[in-house]
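Visitor: Residue-level listing of the chains:
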Amino acid sequence: MMKIAVCIKQVPAYSDGMMDPKTGVMLRDGLESILNVYDLPAIETALKIKEEVGADVHIFTMGPSKASAVIREAYSMGADRGYLISDKSFSGADVLATSYALTQGMKLVEDYDLILCGKQTTDGDTAQVSGAIAKWLKIPHVNWVTKIVGIEKDSITVSQMMEEEIVTLKIPYPCLLSVEPSIFIPRLPSLKLKIGSKKKKIEVLSLVDMEDKEEGNYGLAGSPTKVERIFPVHRTEQQKIIEKDSREAAKYILEVIENINK
Amino acid sequence: MADIIIDMEKCILCGKCIINCPFSAIEKFDDYIVLGENCKACGQCREVCPVEAIGMEENKKETLDKNEWRDILVYIEYHHNRVHPISYQLIGKAYELGVSIGYDVYGIVVGKNTELSKEQLKNYPLKKVFLYETEEYFKSDLYEEILSSCIGSIKPSVVLIGGTLEGRSLAPRAAIEFKTGLTADCTELILGENTDLVQIRPAFGGNIMAQIVTPDTRPQLATVRYNVMKPIEPSLDHEVEFILDDEIGHKASSKLTILDTIPTPKIKGIQEQETLVVAGKGVKRKEDLAMLEELANLLGGELASTRGLVEKGWMTSDRQIGLSGQSVRPKLLITCGVSGSVQFMAGIGGAENIIAINSDIDARIFSIAHYPILGDLYEIIPELIGMIEEKGKAI
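As you go down the protein sequences, you meet chains A and B in turn.
When the count follows numbering that gives the first Met the number 0, it moves up by one through the first sequence with no breaks and lands on 261 for the last residue.
When the count follows numbering that gives the first Met the number 0, it moves up by one through the second sequence with no breaks and lands on 394 for the last residue.
Bound-form chain B, shown alone:
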């Protein structure tokens, strides 16, 4: 940490630092510029000062007062007047963490027509939700400036952000703003009594999990992929206070200019399916995927795959399950010849029922499958397809 020092000999009281401070920490009193306790020593004021009157003094000894940082802030993603479903999953987790240690949960919504989010959020366990009205489309620098300003004013101990395209573009900028830790794609979060967030994520795409903490800095930033946590249901017991801020979002600036936006056709992706059949390395030839596709169709679901088959070019990456692909929460997941690497299993934690077919008794997938079946998929699947078709005829 460092302290900002203002040399009043040089200062010409132009007020540029006051306008540019992202934390509204600078004020003018008579002929003096005064730094408030909101100062994060970010140095923004130094950059805009025309007379180099602002300096920085390293203050290494300063230890963090963790009690200054409390509660949990959830970044609520909001596109086209709709709260992204990841947000209800993050709110659910934040609420659970908050209850364990007596923290409140706050929300932040950034975008256009943020007032329309009130109706969607009003029955969730959020103490306050800050609505920042700004440009409609995500710009990493603009949205981060707003998020950081909110973090600076409420000083949350924990900030949860969705591991979405938007969230993963936003989170690292905010982490660097506060020179703090960011743990991406957590699959489990626990809040310790010492207020350290225990963050668990698969490590190195391999067969291990890492337990990570951010002991000496605040806030503690974590992202969670869509469908990894369970969403919380709304309840009439909750009453949210909404605070609309029309100023910060319009004052914040971006270097990006959006020239055009083309909506991508909304296809029901594997993330929204109730039934998924997953092809793994046990599938020997590309043609054999047709058999699994047929099974998926018969069950009214979709075919997905592991990373290996995408790398071979047999499947497209939008069908890939796992940490480097998508997380899913289907009612029924049937894996065929999937061994079960940690990076894959991180994507299926939310599946309600897992049937795993594998010919290797030591396959890791068996350790989490609800219905582990030892056998050859090339024998079992055709039999199964035959039986389902038979049934179909009978009905």
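Okay, chain A solo, but in the shape it has when bound:
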């Protein structure tokens, strides 16, 4: 049977997150957290493949213990097993260290045929972790996948959205895909599964479980990028705010536009 891993992330519900000004590490306490919306289509893709050809769908997430909530959410959609990669030494990770920890965690469980990721997260917005995971595992990857065209025994065929064309690609397993939100409409959690999800086990993988136990390779210590400082948006000299009645304001705008288009 096909083995699928889906990597998901818990993110702040509001995009205006807060960071520790000294370390530049994301402060998650006191903020409502949700499953990154871009991950839902990735979970849905795994479940669709499961329905089509049969598969074991495993969920991986990295974060503090409360991040297990997003695994339960995936359970309530139909995922089979979930793994929370969690350790104090994993926090503060950048692209390299995040992808490394996820890779180490996945390696402990299975050699997956297919790894699925969402397009990007709403807190980092970078879309860089998927390609990094693929490279650590030395497997091919395709981003911006809009369609699963065919699932064969030893390969999968997908459509990829590039800037000037839609490319149809055949990729042998093992491989990684990161999917666009348009690929599938995510199903709603089923009530039955939701009730069952509470009892379902979530396995926690921490540093002691990993094959590479060198603390310095994870989290902040294992991140080649360092946040030197954070600061509010650079304010250019603020222009005087124009406050006029609507008609005068409209007249003023029209003058400005005419001047610009001269």
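The hints are simulated quantities; they were obtained by calculation from the structure and are not laboratory data.
A couple of the hints might just be wrong.
Stated by the list, open to error - Computed, partial: chain B to chain A, Cβ under 10 Å:
| id | residue |
| --- | --- |
| 1 | Ala52 |
| 2 | Thr179 |
| 3 | Thr260 |
As the list claims (entries may be wrong) - Taking lysine-lysine and the PhoX-like style, the derived pairs with C-alpha atoms no more than 25 Å apart in a straight line are:
| id | chain 1 | residue 1 | chain 2 | residue 2 |
| --- | --- | --- | --- | --- |
| 4 | A | Lys49 | A | Lys199 |
| 5 | A | Lys225 | B | Lys154 |
| 6 | A | Lys87 | A | Lys212 |
| 7 | B | Lys254 | A | Lys49 |
| 8 | A | Lys137 | B | Lys254 |
Quick caveat, the model's predicted, so the values are computed rather than measured.
Quick reminder that beta carbons are idealized off the backbone N, C-alpha and C, glycines included.
Given the structure of chain A, go ahead and fit chain B onto it with the hints provided.
Guide: Here is chain B on its own, set in the frame of chain A:
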């Protein structure tokens, strides 16, 4: 870092490691295999060795010699015989950074008919451009193998890659190849005297900017979104040396097979517009967008929006401005009811003239607008539309 150790007792001199080394760092001398200084300890040779004669020794103490890594490499995106306009923006930034510290700027072009890029690039401030002839369509593993091989041979301190669909698929693979830092979607770059690249990007989609450095590893990889930096103009003062490589690109391999390509119709997107009207959360109902659309049409532009309206399903994501959408450089940008989150403002840094209409005096957008206007868009916009129509009639 680690060192590669070859056990000559076990070695059968089959040469597989020599062929597979992405950095051409392995050579055979008589009965010996010798590792050259190009070796990145990537371990590729270990994987292909049939007799397990190659080992790796951890060498944690080794510190990076930053002087070994110098100059700037720009990944020049090239599709269908055309240099992507992002590349001129990256070259402009790279040149500016290079001048500040005495670094040269190199370019790399990967694809088919790369020789046709010469005419397009010859008057830009690039010392050398490496042309790697290979398959026409982007494949993340193939293109990365070629880019990494180029990085391995010229050892640039900084590598700039476009934050395009291609660039964002390529950059992370290259970063992992060199176990180095990658900072995505930088909005400002400064090269310090210690050769550390100061990378500034909006953080966590919120109201803060982060200043990021990669102090202990090289190369320093950064991506920049299209339209965030200003393009540089060509000048006859520059003369580029082109180096065509027909070998590496054909030797490099991919596990991906392209079955079909369908060109997507080229529509003039919001990235190419001279005039944009932007709808923000201040728009109360979906129907009200018609009014803003009308204004955009009257001005010969297009309607765009913030992330909030796309999430509501009122606007499509191709019209979204910001870090999670598109960056724009219009001549005129009129924001209507846009508060101005950092992730939005990261996408409008290149706008020449910003008129911001908002009813909240504390709206962040006012801090960067050239023409901040306090007022109700529901009153001002109809007046403005009326006036423009009136003018139209008069002419």
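Visitor: Taking the numbered hints from earlier one at a time, note which ones the structure violates and give those numbers from smallest to largest.
Guide: 1
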